[in-house]
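S.K.: Chains as they are written, first to last, in UniProt numbering: chain P, 1 to 252; chain V, 1 to 252.
Just so you know, not all the hints are guaranteed correct.
In the BS3-like style, the derived pairs of lysine-lysine whose C-alpha atoms are separated by at most 25 Å in a straight line are [claimed, not checked]:
id: 1; chain 1: V; residue 1: 93; chain 2: P; residue 2: 191
id: 2; chain 1: V; residue 1: 172; chain 2: V; residue 2: 191
id: 3; chain 1: P; residue 1: 226; chain 2: V; residue 2: 19
id: 4; chain 1: P; residue 1: 152; chain 2: V; residue 2: 191
id: 5; chain 1: P; residue 1: 239; chain 2: V; residue 2: 233
id: 6; chain 1: P; residue 1: 93; chain 2: V; residue 2: 172
id: 7; chain 1: V; residue 1: 172; chain 2: V; residue 2: 19
Since the hints were made in silico from the structure, they are not lab data.
There are 2 protein chains.
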Amino acid sequence: MKNNTVEQQLNHRTIRAFKPTTLSKEQLTTLYSVASHTPTSMFMQQMSIMHITDPDKRAAIREVSKQPYVGANGDLLIFLVDLYRNQQIRQQKGKDDGRLHTADIFFQGVDDAIMAAQNVITAAESMNLGVVPLGSIKNDPQKIIDVLDLPKMTFPVLGLQIGIPDQQPQLKPRLPLKFIAFDNDYHREIKLADLADYDQEVTTYYDLRDANRRIDSFTNQIAGAKLDHHYTKRDEIMKVLHQQGLCTDEEI
Amino acid sequence: MKNNTVEQQLNHRTIRAFKPTTLSKEQLTTLYSVASHTPTSMFMQQMSIMHITDPDKRAAIREVSKQPYVGANGDLLIFLVDLYRNQQIRQQKGKDDGRLHTADIFFQGVDDAIMAAQNVITAAESMNLGVVPLGSIKNDPQKIIDVLDLPKMTFPVLGLQIGIPDQQPQLKPRLPLKFIAFDNDYHREIKLADLADYDQEVTTYYDLRDANRRIDSFTNQIAGAKLDHHYTKRDEIMKVLHQQGLCTDEEI
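Could you put the whole structure together from the sequences, leaning on the hints where they help?
M.R.: Encoded structure:
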């Protein structure tokens, strides 16, 4: 059941090295239009995009992300959950903020922003551009808010670095579908032995970020450092959200 | 800068009436594969999909959503934020749950699941299918968890109803790009007067759900009932997440 779109989606590889070019105005407008035409929860359109070209802001965001390619070659977009715009509209119409501070409405904004980001990834890849999603901006969301002087009621949820690819990674092996797609009943019985073949496949993947070293098996990664207890400013996310006036009414 | 993929994305219309057909195994496998090849935060693959064909479960989900087309014609998919699988892997490797109960890791799972859902929407539309995203499953997430007998550490974050379209809605007008895309600086000054033209455009849209009546202007919608204070079980979302063991370590 393949077509050009599906083939491209199945061929997705995250790109982390770009040529020293920037997107044209036409390319950016196309990407913004695609983001705009994404489904939006209750038609609230609670998503905004910031295109960062200022070198100091790019450097500051790179410092938060701790990834050398962020704000280096290519274009940097920051996707916001944006409830500020609707707060302004309500206020100017003489209404209170209503449900804008609830977790529910915040999560609906997250849906808007994340779906828009994925839509932009798909569009960019169809234009033969490469993309890396930047969850790393959430390493220190307050710093991103400060650097971009974002108003309350917004939250920088995901970044994208986009450009002409300057590397060719392998396709990274995904969990076999039987582990992630179920008919009617969730399959609670997960046995390490059943993941052995997949683990083996994952170890054949070369991560270009790491001097062409093979990566650890999937189950070793999950049982390892990335999910072990450790201190990180990422754990301030709820505090930052609350300071932004978001997701505060946890119990109504 | 258009191509087939981008043209289709710009032409996205949510479909809420489907022909009485179901997806073939090949179509479903294609959609699951596309979901699988979506970017995933830290390669944790914290997304699962449930395909609901059982009539009682479909009816129960329709009752939660309060939308007549849910679980009626077409196929019903429920996207889960799934941290259960990784919890099982860690436990079977003799590790504690580590960061799996943090808000940070939960939000990374949300990114995985929502991006996968958008990717499936794009793939389905490229196959000339229609889709409606179902945020309505969050009207009562605990009920969805009960109906689907979901384990702890999972959360049903979004549904999709997919099928052969049986309606042709207009393209719903989106906010002009100047309101949603910014270079370097967020535009805090939002004036109702600047939205007057867009408001007018929105009122020309016929919503097929409402006997072909025109819809209210955008700013009237935002200032109206959908965001006014009112009681809803949707506000139990944080409580339900915590009961699922998710997003609990708000302050580490």
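S.K.: Would the pair residue 93 of chain V and residue 191 of chain P pass a check requiring their Cα atoms to be no farther apart than 25 Å?
M.R.: 10 Å, holds
S.K.: Would the pair residue 226 of chain P and residue 19 of chain V pass a check requiring their Cα atoms to be no farther apart than 25 Å?
M.R.: Given that 25 Å is the threshold and the Cα spacing comes to 46 Å, the pair is violated.
S.K.: Check the hint pairing residue 239 of chain P with residue 233 of chain V against an upper bound of 25 Å on the C-alpha distance.
M.R.: 24 Å, holds
S.K.: Check the hint pairing residue 152 of chain P with residue 191 of chain V against an upper bound of 25 Å on the C-alpha distance.
M.R.: 17 Å, holds
S.K.: Holds or violated: are the alpha carbons of residue 93 of chain P and residue 172 of chain V at most 25 Å from each other?
M.R.: 23 Å, holds
S.K.: Residue 172 of chain V and residue 19 of chain V: Cα distance at most 25 Å?
M.R.: 22 Å, holds
S.K.: Decide if the proposed pair is consistent with the structure: residue 172 of chain V and residue 191 of chain V, CA atoms, cutoff 25 Å inclusive.
M.R.: Between residue 172 of chain V and residue 191 of chain V the Cα gap is close to 22 Å, so the pair holds against 25 Å.
Against the hints set out earlier in the document, a violation occurs for number 3 only.
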